[in-house]
Amino acid sequence: GAGVSQSPRYKVAKRGQDVALRCDPISGHVSLFWYQQALGQGPEFLTYFQNEAQLDKSGLPSDRFFAERPEGSVSTLKIQRTQQEDSAVYLCASSLRRDRGHQAQPQHFGDGTRLSIL
Amino acid sequence: AQSVTQPDIHITVSEGASLELRCNYSYGATPYLFWYVQSPGQGLQLLLKYFSGDTLVQGIKGFEAEFKRSQSSFNLRKPSVHWSDAAEYFCVMTTDSWGKLQFGAGTQVVVTP
Chain H
1 GAGVSQSPRY KVAKRGQDVA LRCDPISGHV SLFWYQQALG QGPEFLTYFQ
51 NEAQLDKSGL PSDRFFAERP EGSVSTLKIQ RTQQEDSAVY LCASSLRRDR
101 GHQAQPQHFG DGTRLSIL
Chain F
1 AQSVTQPDIH ITVSEGASLE LRCNYSYGAT PYLFWYVQSP GQGLQLLLKY
51 FSGDTLVQGI KGFEAEFKRS QSSFNLRKPS VHWSDAAEYF CVMTTDSWGK
101 LQFGAGTQVV VTP
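For the record, the sequence lines run as chains H and F.
Under the numbering used here, residues 1 to 118 are what the first sequence spells out, in order.
Under the numbering used here, residues 1 to 113 are what the second sequence spells out, in order.
Rather than coming from a laboratory, the hints here were simulated on the basis of the structure.
Quantities reported herein were computed from a predicted structural model and do not represent experimental measurements.
No residue lacks a Cβ here, since even glycine has one placed at the ideal position from N, Cα and C.
Honestly, I wouldn't trust all of these hints.
Which residues of chain F face chain H? A partial, calculated answer using Cβ under 8 Å [to be verified]:
(1) Tyr27
(2) Leu44
(3) Lys61
(4) Ala105
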């Protein structure tokens, strides 16, 4: 497909379980972002990749959160020992690299994974 | 601290009426500004963007936004709303070199017949 694809769309897990969320960015997009959207709030930045390099992980809420993009395309967000406060929609976005004019490229978002922790 | 503020959590508008959504930002320079829309069960869609130049920008679906440096505002407008415009609207800015987005809290728009 032409858009950003995320799977699964919905994930229910028991507290303490590990989960893995997948993101397939648009082909050719160098930049990949993960955001967390709690109910009734705007998305909040988690982490950023440029190709396979994780350049910013300042938004990850704890060391239970881990993200990777080993081949510079598909990315996985892993949450270990899930807690109820991890319940949220996790959004992935991709964009072209900033061009030589230093204009930030618009980000294209997937439909998100809704994670519910029981 | 950098921030994006959307003062209106919820707006109700009649179909065919005009719509204006407010957005203020706090940053020491001019950021890159965007408006995104999120419809129920769907992903975020970019409506329009402002980087520099003409302060009145046109977007998709008949939306426009005006950047006012003196007021640190970037308000979104539409002259005549359609029922399909019911959604959550986010004012967004980016200031860092990677393009990390900072979202406002969102404004929920309800369209009545």
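Taking the hints in turn, this is what the structure says about them:
Checking Tyr27 (chain F) against chain H by beta carbon gives a least distance of about 14 Å; that is not within 8 Å, so the hint is violated. A hinted interface residue such as Leu44 (chain F) counts as satisfied when its beta carbon comes closer than 8 Å to some beta carbon of chain H; here the least separation is about 4 Å, so the hint holds. For Lys61 (chain F), the interface hint is violated, since its Cβ never comes within 8 Å of a Cβ in chain H; the closest pair sits about 15 Å apart. At about 5 Å, the closest approach between the beta carbon of Ala105 (chain F) and any beta carbon in chain H falls short of 8 Å, and the interface hint on this residue holds.
Violation of the numbered hints given earlier is confined to hints 1 and 3; the remaining hints are satisfied by the structure.
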